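All chains should be built: construct the whole structure from the sequences, respecting the hints.
Top to bottom, those sequences are chains B and R. Here the first sequence is numbered in this note's numbering, starting from 759 and rising by one per residue. Here the second sequence is numbered in this note's numbering, starting from 759 and rising by one per residue.
The hints are simulated quantities; they were obtained by calculation from the structure and are not laboratory data. Quantities reported herein were computed from a predicted structural model and do not represent experimental measurements. A couple of the hints might just be wrong.
Derived DSS-like pairs (lysine-lysine); straight-line CA-CA distance at most 30 Å [claimed, not checked]:
#1 Lys1129/R - Lys1159/B
#2 Lys886/B - Lys949/B
#3 Lys1168/B - Lys977/R
Here's the letter readout for the chains.
2 protein chains.
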Amino acid sequence: MKTLLKNVGIYKDHVISEHQNIAIEDTRISGFPDVIHTEEYDTIIEGKGMLATPGFVNTHNHIAMTVFRSYADDMQLMDWLEKKIWPAEDKLDSDIVYAQTMLGIAEMIRCGTTSFADMYFFMNDVAKAVSETGIRAALCRGMTGCTPSGMQALEESKTFYQNWNGKADGRITVMLGPHAPYTCAPDYLRKVVALAHELHAEIHIHLCETKGEVENIKKQYGKSPILLMDDLGIFDCGCLAAHCVWVDDADLEIMARKHVRVAHNPGSNLKLASGIAPIHAMLQKGITVGLGTDGASSNNNLDIVEEMRLAALIHKANTLDPLVIPAETAVNLLTEGGAKALGYTDVGKLQEGYKADITLIDREGLHWYPKNDTMSLLAYSANSLDVDTVLVDGKVLLRNKEFTSLDIDKIRFEAERTKDKLFSSL
Amino acid sequence: MKTLLKNVGIYKDHVISEHQNIAIEDTRISGFPDVIHTEEYDTIIEGKGMLATPGFVNTHNHIAMTVFRSYADDMQLMDWLEKKIWPAEDKLDSDIVYAQTMLGIAEMIRCGTTSFADMYFFMNDVAKAVSETGIRAALCRGMTGCTPSGMQALEESKTFYQNWNGKADGRITVMLGPHAPYTCAPDYLRKVVALAHELHAEIHIHLCETKGEVENIKKQYGKSPILLMDDLGIFDCGCLAAHCVWVDDADLEIMARKHVRVAHNPGSNLKLASGIAPIHAMLQKGITVGLGTDGASSNNNLDIVEEMRLAALIHKANTLDPLVIPAETAVNLLTEGGAKALGYTDVGKLQEGYKADITLIDREGLHWYPKNDTMSLLAYSANSLDVDTVLVDGKVLLRNKEFTSLDIDKIRFEAERTKDKLFSSL
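Below, the structure written as structure tokens:
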């Protein structure tokens, strides 16, 4: 199966070049031919005026929390969790998680997202939705060691890994998902590390999201969460750490040395008033950073272009330096940085041999005029709904802003049905 | 001329109600009939599933700076101004300003904006574009007292007021636009105040945008820019103050007492690393606040929904309080707050007798599902490209996401032509 993306601008090797072609053979990019023989291709996508970028990567999500989108906002964190989220999460089932995951995946594809990392429950249903929709994902079963189901979650994680890692034509990878240091005690985390080594699985964990949690861990263990995780061996497994808002220089040194990869969630961190993660300092130390939306309950959409915009803007004001996170850095966080954060080695660049995860962006919106610097237009002006075409693993999932195979009316209907079912049970 | 918006959700009196009708007679809202007689209306707009809000208001713009969108980013402010913007602004002409204003107005209408405040040069061309496109605007000729053209700018402002205030069926109001305290000395500002009193014109000015400018004014005059403006009588004219990032409690007291209205430009303030304006404190003191994009050179789009999102998010993290700027406050900044900031008394609410400036939002995007709280969906999840229909002064300017009368291909072409003309002259 050979596909050609014809006459597109492409973001490659840190610059954007116009009037390029991208050839795809099966699931991978096979080249960038100057001269094209149209008879060689099964599918030709005319891309005139479009911009091709590596598919966008959402590095931190709890995707089925779409059911809680705008369900309970403008509350204090503990009120929100104790009175709203936890009682409702207790009533989730496989049916609800599957329907809400389908909604979240469709929303992400519409915004140009080709892969995502997820941590939640009923992960078989999430994996099933990933498999069916064609998106790529790094999935983990969230584990809270402090609850009675802690040991069961470890067992489930193992089974989930065995059943799904490498499945869906290799589009699914499975990680282990201990929730956070404040919900998983050291003894529990040691068990997670042992299992990670046994399975050769990597770890996805929340770290240093709020000031309070960092202070509590320091009080309890006499060291920062980062140092505690390092001592427990979490970082020796390969680690995707979400948030990292409240980290100091000593923490950053450890993170850099141990190749901790960071999921930066600016929208969620702002909305929950957690703070602003020092990603400028992280990038200076060579730490890999990608962008995440976090769950729709705290964002409230899964629009990764909005996260790029936030990342491009908020660090400038936070450091009072207009030169931090310039346009190309923001675009890199959205694409290559995100792919690296998820541990991919052949995803995230437009390069021969890389997986054909590609987003085509329509540049005819008025906010793309006049046509000055394209990188800057993408970073500072683009809208997620400009996304026109999305390919994952060489397969076209969105074309002319329409889904090629997903039944969107059914997805909307099921999202409503399962939302009503959940809230009527409370 | 009678128009009916049928079966819409409406944001009115601080809440959203479904299945409502809005009747319009000529330019104004005439009522909200429960029972409708379709034969009474000349035009019926079926709004099933749509949400009607007061038209969005962009309270601070330099609209023709669309020509500089993504022309020169990621630079230090003075480098950017001295090496890029000022030399290029020197080459602007009437043709360029008109074409770029048409582009900016079309972009704003596409995003649901029904009125805006503008400060720039060649304002006759801006007013002509406002008149032709059907949008509402509060316009002023930017005046920099420190340049040789300072006195000429005052004269031009007077003529501009006389020629255009109240024109375009009352859609245009004219203000006086002294640029800022650091570009207009006290003697010059006294002349502006005298002219304002002579014409009964209000004032639009930049205040306290950067920390450095506030420090310099304090050094030079021994008082804050706010206190200096108060002493000069600027606030006695009715004043729209853009930015107000670096204001202290004493400044806020004066602003509240003198009814200074604030144009909050979060995107521009973040991008230029100016800082974060304390709008939460302003609102607590009863100060009127609206949202602005500032010019596209420092934003880089004119997407006022993006500004609402930023305003809803950044102040939570900045104060570490998730309860500040809740959903309804954010929506109010976008609509009624903005209209009040521009000095309108019959624009900015869905209320009988008010001007029919109305934005209809399509809620079928996946990010609007499942349908939990609508106000929260609007504040935290909506996308500007969800805007489906826009009315200003009772006239439909956008319908089904298409312009009813603007020739968008021509606007794009002219934006490119005049951009090329400008930059080839440098």
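Status of the hints after comparison with the structure:
1. Lys1129/R - Lys1159/B: holds (22 Å)
2. Lys886/B - Lys949/B: OK: lysine 886/B and lysine 949/B at ~27 Å, within 30 Å.
3. Lys1168/B - Lys977/R: It is violated: about 65 Å lies between the C-alpha atoms, which goes past 30 Å.
Violated hints amount to a single one, hint 3; each of the other numbered hints is respected by the structure.
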